[in-house]
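Let the sequences and hints guide you as you build the complete structure.
One letter stands for each residue in the lines below.
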Amino acid sequence: GQQLNQSPQSMFIQEGEDVSMNCTSSSIFNTWLWYKQDPGEGPVLLIALYKAGELTSNGRLTAQFGITRKDSFLNISASIPSDVGIYFCAGRIAQKLVFGQGTRLTINP
Amino acid sequence: NAGVTQTPKFQVLKTGQSMTLQCAQDMNHNSMYWYRQDPGMGLRLIYYSASEGTTDKGEVPNGYNVSRLNKREFSLRLESAAPSQTSVYFCASSGGGGISLDTQYFGPGTRLTVL
Numbered sequence: 036g037q038q039l040n041q042s043p044q045s046m047f048i049q050e051g052e053d054v055s056m057n058c059t060s061s062s063i064f065n066t067w068l069w070y071k072q073d074p075g076e077g078p079v080l081l082i083a084l085y086k087a088g089e090l091t092s093n094g095r096l097t098a099q100f101g102i103t104r105k106d107s108f109l110n111i112s113a114s115i116p117s118d119v120g121i122y123f124c125a126g127r128i129a130q131k132l133v134f135g136q137g138t139r140l141t142i143n144p
Numbered sequence: 218n219a220g221v222t223q224t225p226k227f228q229v230l231k232t233g234q235s236m237t238l239q240c241a242q243d244m245n246h247n248s249m250y251w252y253r254q255d256p257g258m259g260l261r262l263i264y265y266s267a268s269e270g271t272t273d274k275g276e277v278p279n280g281y282n283v284s285r286l287n288k289r290e291f292s293l294r295l296e297s298a299a300p301s302q303t304s305v306y307f308c309a310s311s312g313g314g315g316i317s318l319d320t321q322y323f324g325p326g327t328r329l330t331v332l
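Residue numbers (my numbering), protein chains in the order written: chain H, 36 to 144; chain S, 218 to 332.
It is worth saying that the hints were derived from the structure and are not from the lab. Worth double-checking, as some hints may not be accurate.
[Unchecked claim] For lysine-lysine, the following PhoX-like pairs were computed, each having C-alpha atoms within a straight-line distance of at most 20 Å:
hint : chain 1 : residue 1 : chain 2 : residue 2
1    : H       : 131       : S       : 288
2    : H       : 105       : H       : 86
3    : H       : 105       : H       : 131
4    : H       : 131       : S       : 274
5    : H       : 86        : H       : 131
6    : S       : 274       : S       : 288
[To be verified] Just so you have them, the derived chain S footprint on chain H, three or more residues with Cβ under 8 Å:
hint : segment
7    : 74-88
8    : 137-143
[Stated by the list, open to error] Not the full set, but computed from the structure, chain S residues with beta-carbon under 7 Å of chain H:
hint : residue
9    : 256
10   : 257
11   : 260
12   : 262
13   : 267
14   : 270
15   : 271
16   : 278
17   : 323
18   : 324
Idealized CB from N, CA, C, for every residue including glycine.
Shown next, in the form of structure tokens:
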């Protein structure tokens with residue numbers, strides 16, 4: 036089936052640092068999404084991208100839809116403690132979403 | 218407005234036992250989904266229901282059955298639980314097709330252990 040490769044799998048950073056993560060696929064997607072999951076909860080949508088090359092921001096978060104439509108990137112600027120969690124990319128195929136394996140973000144104060 | 222609710226929150230089963238996970242949404246969404254989450258595997262789609270009265274298999278349907286009872290409720294049944302089904306199960310709903318599909322609202326999850 037479809038697979039999304041998300042990297043890195045985990046990150047350990049200092050508060051205030053910027054974060055970058057990415058997601059790649061062997062298949063083309065028409066929609067890329069980024070979700071965040073807090074411990075013990077379900078994922079919550081952060082950003083949705085609909086066009087190749089699109090760059091979208093949501094506060095300190097910025098995501099880009101790759102030109103080839105096979106990748107996407109998420110950046111978090113000036114990280115704060117509440118950014119801790121697992122970040123998932125997802126690509127849309129028809130009515131279904133395919134999720135990456137997740138990037139676990141840990142922040143040292 | 219509770220969003221998506223799931224019961225139970227935790228469950229321990231013995232191999233071979235059966236159980237049904239319940240999910241309900243109060244957002245009048247057309248589509249509902251069941252996922253399982255395993256360490257390092259992300260979320261994998263088990264079954265989904267694009268609209269009331271329809272269900273379709275996802276990526277990992279074996280060992281599961283679903284019922285879209287009405288527009289609000291979508292249940293997941295394990296007929297004969299196996300240790301490989303130990304996982305966290307998430308239910309989600311969305312408004313329907315098109316752009317609104319992307320905003321899937323997730324429940325808090327059910328943590329299932331099969332001994």
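How the hints compare with the structure:
no. : hint            : in the structure
1   : 131(H) - 288(S) : holds, 18 Å
2   : 105(H) - 86(H)  : holds, 12 Å
3   : 105(H) - 131(H) : holds, 17 Å
4   : 131(H) - 274(S) : holds, 11 Å
5   : 86(H) - 131(H)  : holds, 18 Å
6   : 274(S) - 288(S) : holds, 18 Å
7   : 74-88           : holds (count 8)
8   : 137-143         : violated (count 1)
9   : 256             : violated, 9 Å
10  : 257             : holds, 6 Å
11  : 260             : holds, 4 Å
12  : 262             : holds, 6 Å
13  : 267             : holds, 6 Å
14  : 270             : violated, 15 Å
15  : 271             : violated, 11 Å
16  : 278             : violated, 12 Å
17  : 323             : holds, 3 Å
18  : 324             : holds, 6 Å
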